[in-house]
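Peer 1: Here is how the chains run, residue by residue.
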Amino acid sequence: MDTNILVQAIISGLLMGGVYALVAVSLNLIFGVMKIINFAHGVFMMLGMYFTYWVSVFLDIHPYLSLLISMSALFVVGFLIQYGLINRIIEAPEHNQLLLTLGIALFFENLALFLWSPNYRMLKVTTLAGAIHVSRLMFSTPRMVAFGAALTMTILLYLFLSKTDWGKAIRAISQDREGAQVIGINMKIIYSLAFGIGSACVAAAGTMITPFFYITPTVGMVFVILAFVIVVLGGLGSFWGAFFGALIVGIAESLGEVLLPGSLKQVPIYSIFILTLLLRPKGLLGKKHV
Amino acid sequence: MPSLKIENLSKSFGGLTAINRVTFQVREGEILGLIGPNGSGKTTIFNLISGFLTPDTGSIHLGEESLVGLKPHQICKRGIGRTFQIVKPFSNLSVMRNVRAAVFNRERTISGANRQSESLLEFVGLWPKRNEYANSLTLVERKRLELARSLATHPKFLLLDEVMAGLTPVEQQQMIELVKKIREGGITIIVIEHTMRIIMTIADRILVLCFGEIIAQGVPRDVAQDPNVIKSYLGEKYSFA
Amino acid sequence: MFKNRISKILFLWSGLILIVILLPFVLPSYFIHVLIMILFYGYLGTSWNILGGYAGQFSFGHAAFFGIGAYASTLAFVNWNITPWIGMVFGGLLGMLLGLLIGSLCFHYGLRGPYFALATLAFSELLRLISLNLDLTGKAMGILIPLKGDAPLYFQHESKIFYYFVILLMFIGALWITRRIDGGKIGDYFSAIREDEDSAEAIGVNTFAYKLLAILISGFLTALGGTFYAQYFLYIDPAITFGVGNSIEIFLRPIVGGMGTVYGPIIGALVLGPLGEVTREMLGGYQGVHLMIYGAILVSVIIFLPNGIYGWFRSLKKRRKDQKLCHL
Chain A
1 MDTNILVQAI
11 ISGLLMGGVY
21 ALVAVSLNLI
31 FGVMKIINFA
41 HGVFMMLGMY
51 FTYWVSVFLD
61 IHPYLSLLIS
71 MSALFVVGFL
81 IQYGLINRII
91 EAPEHNQLLL
101 TLGIALFFEN
111 LALFLWSPNY
121 RMLKVTTLAG
131 AIHVSRLMFS
141 TPRMVAFGAA
151 LTMTILLYLF
161 LSKTDWGKAI
171 RAISQDREGA
181 QVIGINMKII
191 YSLAFGIGSA
201 CVAAAGTMIT
211 PFFYITPTVG
221 MVFVILAFVI
231 VVLGGLGSFW
241 GAFFGALIVG
251 IAESLGEVLL
261 PGSLKQVPIY
271 SIFILTLLLR
281 PKGLLGKKHV
Chain B
1 MPSLKIENLS
11 KSFGGLTAIN
21 RVTFQVREGE
31 ILGLIGPNGS
41 GKTTIFNLIS
51 GFLTPDTGSI
61 HLGEESLVGL
71 KPHQICKRGI
81 GRTFQIVKPF
91 SNLSVMRNVR
101 AAVFNRERTI
111 SGANRQSESL
121 LEFVGLWPKR
131 NEYANSLTLV
141 ERKRLELARS
151 LATHPKFLLL
161 DEVMAGLTPV
171 EQQQMIELVK
181 KIREGGITII
191 VIEHTMRIIM
201 TIADRILVLC
211 FGEIIAQGVP
221 RDVAQDPNVI
231 KSYLGEKYSF
241 A
Chain C
1 MFKNRISKIL
11 FLWSGLILIV
21 ILLPFVLPSY
31 FIHVLIMILF
41 YGYLGTSWNI
51 LGGYAGQFSF
61 GHAAFFGIGA
71 YASTLAFVNW
81 NITPWIGMVF
91 GGLLGMLLGL
101 LIGSLCFHYG
111 LRGPYFALAT
121 LAFSELLRLI
131 SLNLDLTGKA
141 MGILIPLKGD
151 APLYFQHESK
161 IFYYFVILLM
171 FIGALWITRR
181 IDGGKIGDYF
191 SAIREDEDSA
201 EAIGVNTFAY
211 KLLAILISGF
221 LTALGGTFYA
231 QYFLYIDPAI
241 TFGVGNSIEI
251 FLRPIVGGMG
261 TVYGPIIGAL
271 VLGPLGEVTR
281 EMLGGYQGVH
291 LMIYGAILVS
301 VIIFLPNGIY
311 GWFRSLKKRR
321 KDQKLCHL
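Residue numbers (the numbering used here), protein chains in the order written: chain A, 1 to 290; chain B, 1 to 241; chain C, 1 to 328.
Wrong hints could be hidden among the right ones.
[Said to hold, decoys possible] Computed cross-link-like contacts, SDA-like style, restricted to lysine to any residue with a CA-CA straight-line distance of at most 20 Å: (1) A:Lys-35 x A:Gln-181; (2) B:Lys-231 x B:Arg-197; (3) B:Lys-77 x C:Pro-306; (4) C:Lys-185 x B:Arg-197; (5) C:Lys-318 x B:Pro-128.
Source of the hints: derived by calculation from the structure; they are not laboratory data.
Please put together the full structure from these sequences, using the hints given.
Peer 2: This is the structure:
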């Protein structure tokens, strides 16, 4: 096997992993705070992609310029969903929460299929086309830009959580629900805020990949399962676990693509997932006791 | 009846030693009290005996047979029953089915199981509530349910974990009577309790645990006067009657 | 008084049986199809319910069992001309083996709740990917079951009435198994595990063994359903059989109707079936548009009727009984 191909695969995987990191880290935020398994996460990414697509097509602007719009829109959607729906079943058994978010995902995915058909759409962005060549390796420009953007957003999220008052409130309530309420933190608002932020971030991830990724309603399910694999691997509740888990999974997927025929590239990912669940459910860096 | 022998039992979690070289024996037909400050390892000992935890070192013998490494349901089958500190009823099942599930441990037919459940519920005074859902019971009723459930498995030894906690003085008195009746039925009992008064009333012998080690053993009168015991309880929330 | 009540119940039951038997002969083909689908998903839901509702182990990957059954009988038929009736039993056994594999791994390592659910999802996805890439299973093209016309011995018939009675019998069989479980020791043990696994262990329930039993039964029955699907629609492919969408359709009925109850799944099927058909008629468009409605229903049920329709009905009855006791 040509080492060049392997290295190339690792690079591509790493670049995609950066985007996965944003998806995983925002899912982790939602899980860490509300302890809910959010199946709608992928669907929000999909909605972010479509938002970007339509804005970009109608206003004839660069998709990245619509970042703020797609993020704001999905923040509102996420906030309202948490506030209006998920908050009602905070005390319910875990699988009910899973089912609720699944229902939301089903609804939106099929609404999108109904409105926009399953046809793949693609955005052509001439300014981002091409690639940089270093010796025999190719760095695709749109993917690098996406990687950079995702990384930036991830770091911004981290800073938000660790430095701002809102971020601290979110972390407080994730550590001790009752204690935080006693000192005046409004649980419902904070939960909705966290969900909104998580949704906005994953929508941003969607926006970032529109220059090189096919846009179709079913893309959400693929990403959300991937996100769960990453978050479990990295450790539920751990920011950096999700981050590094994403890079690992991105590379694993890319290598799988090169080494295995057809769609079998996902087999190593699912296998890692099952092994992690069985042998080390805490994940690599997880602190929450499973 | 075989005796229950615990020797050099130790258990650590991470860096924290929960139980350190605990050794004691439970004599047939007695009520053994286990007291100690919070976090002294009382429930850990119960978890180790009943198979929910595996000891790092040491042995647990029921007669000649070692219990270490057995799963909880196997230990139950060998005649050791337990209740939990925070009651765990089968919430969405009726009181009757709660007990019946336990009765099936020893009984094979449905009619036989129903009959045994009836007598058990009568014994703990829950027969009138047999069709209620377990999650609609009051705390003392849930404790009695848990008692009925553990009795259903025909234990020779019964581990009661803070069965008096949260009960009013009247309810506690009733529970004490119930525990005494259980002992009269030939079951050896180990009780974990917080309240000194209850332990003094009910236990034949007392083990005092502190930071995972036994600091005193003996009849209630002697233990209450033991200087180590008094020292370990200084500053602790220590309720006398 | 006594005699009247018994004869009244007998009358109602025989009326119901008569209707159920005569219905397919009077209805047009399309409606028979709707009935078949209701019974089909009622059957699958009932099978899922044994593991998910009674034993409390929520499976997100039942498509794995479904697909194994579908492919087993189909491959046996297409390659060696073995009648799908035998292939069905063979598929069921494979489903059981799969259940043994998944169950032993997951339960040995103590996977519970959402972690178990996600693990089952991973297994079904793995099977989907494998079948997508194997020549044996026809890869993405899937497999077409050869038309044999009126061939009941080969699990095929031109008329839908045949399939109606097959699935009716299967459903009644699954119902009977559920009732047997529900009333006895196994049901008590399953429920105990569902409610509180530690407590169950403490009263002598071998939780590992009984959870395994649940997944074996459930896997077996679900695999049989896969064969029925293959023989009814005469086409299978990895997405239809092993896809997540299938797993969702399977557990949706018990959730809506009421998990852990005997009649929950069929109630769910009776509600969702016609609803799906009507939605498809009204909104047209693509195949899965009814899933949008299902999503909305799922959300509503979780929020307002967390115990499903049957559970809500039962709590109504209980409330009325309690009220009656008060108004002495």
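Peer 1: Against this structure, judge whether each hint is valid.
Peer 2: Now for the hints, and whether the structure bears them out:
no. : hint                  : verdict
1   : A:Lys-35 x A:Gln-181  : 17 Å, holds
2   : B:Lys-231 x B:Arg-197 : 18 Å, holds
3   : B:Lys-77 x C:Pro-306  : 36 Å, violated
4   : C:Lys-185 x B:Arg-197 : 41 Å, violated
5   : C:Lys-318 x B:Pro-128 : 16 Å, holds
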